[in-house]
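Heads up: the protein sequence lines correspond to chains A and B, in order.
Sequence positions in the first sequence follow the working numbering and run 10 to 415.
Sequence positions in the second sequence follow the working numbering and run 22 to 140.
Just so you know, these hints were derived from the structure itself, not from any lab.
Don't be surprised by glycine CBs; every beta carbon is placed ideally from N, CA and C.
It is possible that part of the hints are untrue.
Stretches of chain B that chain A covers, calculated by requiring three or more beta carbons in the stretch to come under 8 Å of a beta carbon on chain A [stated by the list, open to error]:
#	region
1	45–57
2	72–81
3	86–94
4	98–104
Here are the computed lysine-lysine pairs in the DSS-like style, where the Cα-Cα straight-line distance is at most 30 Å [what the hints assert, rightly or not]:
#	chain 1	residue 1	chain 2	residue 2
5	B	LYS117	B	LYS24
6	A	LYS15	A	LYS223
7	A	LYS223	B	LYS117
8	A	LYS15	A	LYS319
9	A	LYS319	B	LYS117
10	B	LYS24	B	LYS113
11	A	LYS223	A	LYS11
12	A	LYS15	B	LYS24
13	B	LYS117	A	LYS15
14	B	LYS24	B	LYS116
15	B	LYS116	A	LYS223
Letter by letter, the chains look like this.
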Amino acid sequence: MKVILKIALGIIAAIGGFLDIGDLVFNTQAGALYRYDLLWAVVLGTIGIAVYAEMSGRVAAVSGRPVFDVIRMRLGFGFGLLALIASTLVNLLTVAAELGGIAIVLELLFDAPYNMFVVTGAIALVAIVALLPFGGLERLFGYGGLALFVVVATVFHQNPDWGDVAHGFVPSLDSSTLYLYFVVGVFAAALMPYEVHFYSSGAIEEGWTEENLKENRLNAILGYGIGGVLSVALVIVSGYLFHPLGVEPSDLGTVALPMQGAFGETGLLLALGGMFFCVGGAAIDSSFAASYNLAQFLGWEWGRYQGPRKAPRFTASWLVFLLLGIAIAESGINPVEITEYSVVFSVVALPLTYLPVLLIAGDRSFMSDHANGRIAATLGWLYFAVIIVLSLAAIPLLLATNGGGG
Amino acid sequence: MRKEGEIYVVHRLLDEQICDSEGRRVGRVDDIELRGDPPRITALLVGEGLYPRRLPGWLARTTRRIVGPETWGSNALRIPWEEVDELSSTVKLRKKAEDLGLGEGDDPGRWFVRRLPWN
C-alpha cells in the first residue's frame, strides 16, 4: 500500500511539473493563431518526452548513469563537449525565461515592478533549495502546479465544439512557414531536454535501482501523459477564446485570461498560482540540469543529496548559472521572446543528447535484460528521425518567420 | 565486469566515471596508457591537462590556453592499473582519492572551495 501511495505521489508530482513557461507561451499562441489545428503536435511532443524520459530513467536506474554520463561515454570528449556547450546555452536561456516568468506572475499578483521580482524570485528559489531535500523540491512544485487543472475545468466550462477539437488531433500540414514554425515550437516545448536531464539525475539522487523500473514507467507514461492533457487544454481554451477574436497573446497575463473568463477571480488566481509553481519548479529543474550536465561531463562530485560541502563545484556552478539567468532576464529582453528562443534552440541541440541515451538503452552490455525491447526500440528510433527533421527545420523556420512574428 | 581478460576500451573504459574507495566521484578516464607487446593497459590518465589531446586543431589550442600545458602530477595524473579495484557502473579505485592525488577540485582545503560561503 505504501509503495502504491509513493508511486502515485511521484506521478502527481510529474503531472504538476510537466508544464513550464515554454508550454504556456507556445500552446496559448498556437491556439490563438490556429485554434485546435496543432493539437496533434502537442500529442506528438508529449509521447516524445515520455519515450525519452522512460529510456533515460531506465538507463539511470539499471546502469547508474545519468544523461551526461552516457553522453560522454558514447560521444567521447569532442562531440560530448559540443553537446555540453549547446545544452548549457539552451539551459541558461531556459533559466532566464523561467525566472522572467516567475517575475511576471508575481508582478500580476502583487502589482510591483518586474525587475525587482526577478531577483526576489531567484533568492526565494535559493532559500527553498537550501532548506528542502531533493524529494521535497519535486513535491512542492509538482503539487502546486496541479492548480493548473483549472485549465481543464475551463475547457469543460467553455464546452467547445468537440468535433472540431477531435479534428485537431489529426495531423495536418499547412504550407505556411508560420504554421510549420508552430509545429516545431509546440513539439519542442513539450520535449525540453532539461526536463529529461533533471529527471535522470533525479533518479540517481533518489538512489533508484532496478526495483524502481515500474515507478519509472508510470512516471513517464502517466505523469507526462496527464501533464500533456494540461498542454492540450491550454491550446483548447486559447483557441476557443482568442482565435475568433484575432487576439495574439504576447504576454503571460493573457495565458490566464480564459480561466478568469470562466471562473472569475478564483479562476484567475488558480491559473496564476499554478503558473507560479510550474515556472518556479522549471527554474529549479533547468538550473540544476545545467550543473548536473557540467559536473557529470567533467567527472565532478554532484548532487543535492551530497550537500554543498561534498559537492562544492557542483553547488557553486548552480549559483553561477542562476546568476547568469538573472542577468539575461534583467537585460530588458521580453521573457516571452527569451522563451521562444530557448524552446526553438533546444530542439536544435536535442539530437546530440538523445542519441547516446538511445544507444545505451538498447545496449545489453549495460542494460542486460532491461535493454530496449521491440516497442521501445521502434519508438525510440522513430522519434530520433522526427527530432532530426525538426532540428534541421528549426533555425530556417525561426529566420523565415522572423521569430514567430509572421 | 572483471578487470582481467578482455576489455573493450572505447566501449566500456574510455570516458568512464572514476570513483575512489569511498565512492567519491573524482574525475573521468580522459585517456588510457597501453604498454608492451602485446599491449596491456598500464594506467588510466586523468585531468584537465589532457583535454586538448581529445580536441581538434584550434579548439585544442584554445583549451590548452585555458587549462595550461600538460603537466604530470598537476593537471594530468597517471593512475596505475593496479590501483583499479573493479569496473562496474564506474571505475572503482582501491584507495582514497587524496592518496592518488585525485579529487583536488572538490577538496575542502583548496582555496576556491574554502572561499565558498557555506564553508
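Checked hints:
no.	hint	in the structure
1	45–57	holds (count 6)
2	72–81	holds (count 5)
3	86–94	violated (count 0)
4	98–104	violated (count 0)
5	LYS117(B) to LYS24(B)	holds (19 Å)
6	LYS15(A) to LYS223(A)	holds (12 Å)
7	LYS223(A) to LYS117(B)	violated (36 Å)
8	LYS15(A) to LYS319(A)	holds (28 Å)
9	LYS319(A) to LYS117(B)	holds (15 Å)
10	LYS24(B) to LYS113(B)	holds (11 Å)
11	LYS223(A) to LYS11(A)	holds (15 Å)
12	LYS15(A) to LYS24(B)	violated (39 Å)
13	LYS117(B) to LYS15(A)	violated (37 Å)
14	LYS24(B) to LYS116(B)	holds (16 Å)
15	LYS116(B) to LYS223(A)	violated (36 Å)
Hint check: violations occur at hints 3, 4, 7, 12, 13 and 15; the rest are consistent with the structure.
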